[in-house]
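Colleague: All chains, please: the whole structure from these sequences, using the hints.
In the order they appear, the protein sequences are chains Z and U. Quick note: the first sequence uses the numbering used here, first residue 1047, plus one each step. Quick note: the second sequence uses the numbering used here, first residue 193, plus one each step.
Think of the hints as simulated: they come from the structure by calculation, not from any bench. Some clues are possibly wrong.
A few chain Z residues facing chain U, derived, Cβ under 7 Å [as the list claims (entries may be wrong)]:
1) Val1052
2) Ala1058
3) Ala1071
4) Asp1076
5) Gly1086
6) His1092
7) Ala1095
8) Ala1106
9) Gly1110
10) Leu1112
11) Ser1113
12) Gly1121
13) Leu1126
14) Thr1129
15) Leu1132
Just so you know, these numbers come straight off a predicted model, no measurement behind them. In this text, a Cβ means the ideal position worked out from N, Cα and C, and glycines have one as well.
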Amino acid sequence: MKTRRVLLAVAAAALLLAGVVSWFAASGPDGLERVAKDHGMATNEHPLADWPLADYAVEAVDNGMLSGGLAGVAGVLVVLGLTAGLVSVVRRKTPETSANTQTAGHADTPRNAGATGDSGTGKDAKTRGS
Amino acid sequence: MHVPDGFLDASTSLATAGVAAAGVAVAMRGARRELDERTAPMAGLVAAFVFAAQMLNFPVGAGTSGHLLGGALAAVLVGPWTGVLCVSVVLIVQALLFADGGITAIGTNVTLLSLVAVAAGWLVFRGVQRLLPSSTASVPPAAAVGAFVSVPVTAAAFTGLYAVGGTAPIPLDGLLTAMLGWHSLIGLGEAAITGLTVASITAVRPDLVFGARPALAKRRLETRTPAAAGSAR
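Modeller: Here it is in structure tokens:
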């Protein structure tokens, strides 16, 4: 499978999960919240609880499913963008790759020509010792 | 397991913020070695996927739910250092944009859900991987075990932090039992989601899975030395 297709599949999965499937998520308190309630651990109100996307809902949108879906999609895009940005900053600092990088800041665009779907042959990934 | 503001006292929150900052700084250096033309594009998508998956709470019983942490998943897909960066971005966006996880607790959450969870998930993954036959087929089950263990370990770490700086006087043995109980159940969900996701990508493009590299390297070695006794053919 071509690299681009895998990347798009992961992106599509993320968007679908956050945008649609999240509506059907369980609504009960999570493990920590449950323990906190059972054991009397008090919480302070979140200082940003009034912000437009607080609690994964778009304030302006009335429809619950759409509101949650939009918030989820927004989060996916923000996380994607910030992480890609961080990655490009980290890579730019690496002496070996800054020589090879033609366009700075586009580390999230797959440029490897070895997108033939072959796993073991072709471009040799350096063996990463653990 | 997002810790809200007010659970831990100020000095503990500050200390974990220091640990988190140091951990992320170290992770940025470590990520330089991991990030290449395969892991770099995956990193952003892995972070996005972890964010999305964390929205999908699943029931674990008695009206309580759990959700993916994603530390093991991120580590296996893009490497542990890059994984720390991915999960940290998710946590910071969650706290600042969605009021999920406290603001003064950001350091705590990064320490627990990024540093501890990724470390535990990755180390267990590698340990299990070494015990299993060296092939790409071993990657998903090893990832699942790493994922399973990472959740109660993180819960125990939280309990440890609470022992140091918790704001409410709670008997710690009861707290530990409760945290471990729920989070072992949640660990099952974590294992399932991680195993399935890693299996899907390993099946089509194992070279895009950081954790599969030792298996692929061995496969290449065997291809080049036909006289070697190969097991993974």
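Colleague: Does each hint hold? Answer for all of them.
Modeller: We went through each hint and held it up to the structure:
1. Annotation: Val1052(Z) was flagged as interfacial toward chain U, and the flag holds, the nearest CB pair being 5 Å apart, inside 7 Å.
2. Given the 7 Å rule on beta carbons, the hint for Ala1058(Z) is violated: about 10 Å separates it from the nearest Cβ of chain U.
3. For Ala1071(Z), the interface hint holds, since its Cβ comes within 7 Å of a Cβ in chain U; the closest pair sits about 4 Å apart.
4. Taking 7 Å as the C-beta cut-off, the interface hint given for Asp1076(Z) holds, the closest approach to chain U being about 5 Å.
5. A hinted interface residue such as Gly1086(Z) counts as satisfied when its beta carbon comes closer than 7 Å to some beta carbon of chain U; here the least separation is about 6 Å, so the hint holds.
6. Interface restraint check: His1092(Z) against chain U, minimum CB-CB distance 4 Å, threshold 7 Å, status holds.
7. This hint holds: Ala1095(Z) has a C-beta 5 Å from the nearest C-beta of chain U, less than the 7 Å allowed.
8. The criterion of a C-beta within 7 Å of any C-beta in chain U is not met by Ala1106(Z), whose closest approach is roughly 15 Å, and the hint is violated.
9. Annotation: interface hint on Gly1110(Z) violated; nearest CB of chain U at approximately 14 Å, more than 7 Å.
10. For Leu1112(Z), the shortest C-beta to C-beta distance to chain U is roughly 15 Å, which exceeds 7 Å, and the interface hint is violated.
11. The interface hint given for Ser1113(Z) is broken, as the beta carbon of that residue sits about 12 Å from the closest beta carbon of chain U, more than 7 Å.
12. Look at Gly1121(Z): its Cβ gets to within about 6 Å of chain U, closer than 7 Å, so that hint holds up.
13. Checking Leu1126(Z) against chain U: minimum C-beta separation of about 4 Å stays under 7 Å; hint holds.
14. With its C-beta approaching chain U no nearer than about 4 Å, Thr1129(Z) sits inside the 7 Å limit, and its interface hint holds.
15. Taken as an interface hint, Leu1132(Z) checks out: its beta carbon lies about 6 Å from the nearest beta carbon of chain U, inside 7 Å.
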